[in-house]
Amino acid sequence: MNKNPDRLTSPEIANIWTHYIRETMGICVINYMLKITQDPEIIKIFQNAQKLGQNHLNKLKELFNKEDFPIPKGFNEKDVNLAAPPLFTELFCLNYIHTMSMYAAQSYSLAFTLSIRQDIRDFYYQCNINTMDLYNESLAILEKKDLLYKAPMYSSPDKIKFITSIDYATDLFGNKRAMNSLECGNIYFNLEKSAITKGLLIAFKQVCKDKEVNKFLEKCIQAANKHMSNFSNLLLTEDLHLPSTYDSEITNSNVSPFSDKLMLFHAGFLFAAAISYYGTAVIYSMRADIVTLCEKAILDDLLVYGSFGKLLIKKNWMEQPPNADDRKIISN
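1082 is the number of the first residue of the sequence shown in my numbering; add one for each residue after it.
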């Protein structure tokens, strides 16, 4: 039996392969946003993000070469037009990098827990620290510029209470209780992410030249609008405020800074992340109507994500993930 501890496991291979492609995409976006930013504090954030992204790519390349593993194509300078005029305001760019640091932190944390080999764990451990630093830096600037929108505040309870009736969850007689902090927090959090996603999708659709990709982006916007409306109504019904939106932070430029391939891939990535976050909201929600809305959002996004995969394949833009050995072929 081969017990070589140095061989990469399937989760390790999957993670470094996936993160390499995502890092190449992220660097393209970061390089462009850095180019159109003039605020010195925001420039510093993007310079740090640029440096971190490049360091991560270099380390991933080392890992691929060490394993004699083909380096994915991902995205490169051909997928970004640094000469394109600003498509986003600086406010959008700052909130974008802040939001992406949240996505990255979750992804790196999961990859760390799925890794066994020491060098892979060390890599994702450092990625986590880097991403948390970037999150803190972007959050500090948002606070300093009075641009940080905080989730609704809840009063501290005066004593410990226990749920004494199944009505707390099932709402059999149509009398909805007030949302608890877990439910409200997840709804607000997902609305924040949806707001950035929708703004990005509007920008992409505005400059996308490929008709099929443009049609897909329109489908994405419709799904985002539907979910934002449903979850916003939950907060408004209880007189709770909503997070900021970013539709107005998109300029009137019609020159695309990115390839249609990159925009399609980025949209798909955001919907995949949304499915994960809605799943978390289901777990933490106890009110039946909230659970139902989250489940419907997951189903909607799964349909969108299915269309995304088919379109990537149709355009010959989807790189094939590393496969397991096919024993039937080997035996012949």
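The hints are simulated quantities; they were obtained by calculation from the structure and are not laboratory data. Treat the hints with caution; some may be incorrect.
Pairs of lysine-lysine, BS3-like flavour, derived with a Cα cap of 30 Å [said to hold, decoys possible]:
(1) Lys-1154 - Lys-1307
(2) Lys-1286 - Lys-1140
(3) Lys-1142 - Lys-1391
(4) Lys-1274 - Lys-1154
(5) Lys-1125 - Lys-1147
(6) Lys-1226 - Lys-1240
(7) Lys-1226 - Lys-1242
(8) Lys-1116 - Lys-1132
(9) Lys-1142 - Lys-1300
(10) Lys-1274 - Lys-1226
Between beta-carbon pairs, the in silico distance windows are [to be verified]:
(11) Leu-1384 - Lys-1132: 21 to 27 Å
(12) Arg-1198 - Thr-1332: 26 to 32 Å
(13) Gln-1128 - Phe-1270: 50 to 56 Å
(14) Thr-1332 - Gln-1199: 42 to 48 Å
(15) Glu-1319 - Ala-1095: 27 to 33 Å
(16) Lys-1257 - Pro-1402: 39 to 45 Å
(17) Pro-1121 - Lys-1296: 24 to 30 Å
No residue lacks a Cβ here, since even glycine has one placed at the ideal position from N, Cα and C.
Hint check:
1. Between Lys-1154 and Lys-1307 the alpha-carbon distance is near 35 Å, which puts this suggested pair outside the 30 Å criterion.
2. The straight-line distance between the Cα atoms of Lys-1286 and Lys-1140 is roughly 34 Å, outside the 30 Å bound, and the hint therefore fails.
3. Pair hint Lys-1142 plus Lys-1391 holds up; C-alpha atoms about 29 Å apart against a cutoff of 30 Å.
4. Simply put, Lys-1274 and Lys-1154 have alpha-carbon atoms about 28 Å apart, close enough for the 30 Å limit, and the pair holds.
5. Annotation: proposed proximity of Lys-1125 to Lys-1147 is violated, straight-line Cα distance about 33 Å (limit 30 Å).
6. Taking the CA atoms of Lys-1226 and Lys-1240, the gap is near 37 Å; set against the 30 Å cutoff, the hint is violated.
7. For the given pair, Lys-1226 sits about 39 Å from Lys-1242 by alpha-carbon distance, which is inconsistent with the 30 Å threshold.
8. The straight-line distance between the Cα atoms of Lys-1116 and Lys-1132 is roughly 14 Å, inside the 30 Å bound, and the hint therefore holds.
9. With a CA separation close to 36 Å, the supplied pair Lys-1142 and Lys-1300 exceeds the 30 Å bound.
10. With a C-alpha separation of about 20 Å, the suggested pair Lys-1274 and Lys-1226 falls inside the 30 Å cut-off, and the hint holds.
11. With their beta carbons about 38 Å apart, Leu-1384 and Lys-1132 fall outside the hinted range of 21 to 27 Å.
12. Checked against the hint of 26 to 32 Å, the C-beta distance between Arg-1198 and Thr-1332 comes to roughly 46 Å, which is inconsistent with it.
13. Checked against the hint of 50 to 56 Å, the C-beta distance between Gln-1128 and Phe-1270 comes to roughly 28 Å, which is inconsistent with it.
14. At about 47 Å, the beta-carbon gap between Thr-1332 and Gln-1199 stays in the expected band of 42 to 48 Å.
15. The given range of 27 to 33 Å is broken by Glu-1319 and Ala-1095, whose C-beta atoms sit roughly 41 Å from each other.
16. Distance hint check for Lys-1257 and Pro-1402: the Cβ-Cβ separation is about 44 Å, which falls inside the suggested range of 39 to 45 Å.
17. In this structure the hint that Pro-1121 and Lys-1296 lie 24 to 30 Å apart at CB is violated, the actual value being about 40 Å.
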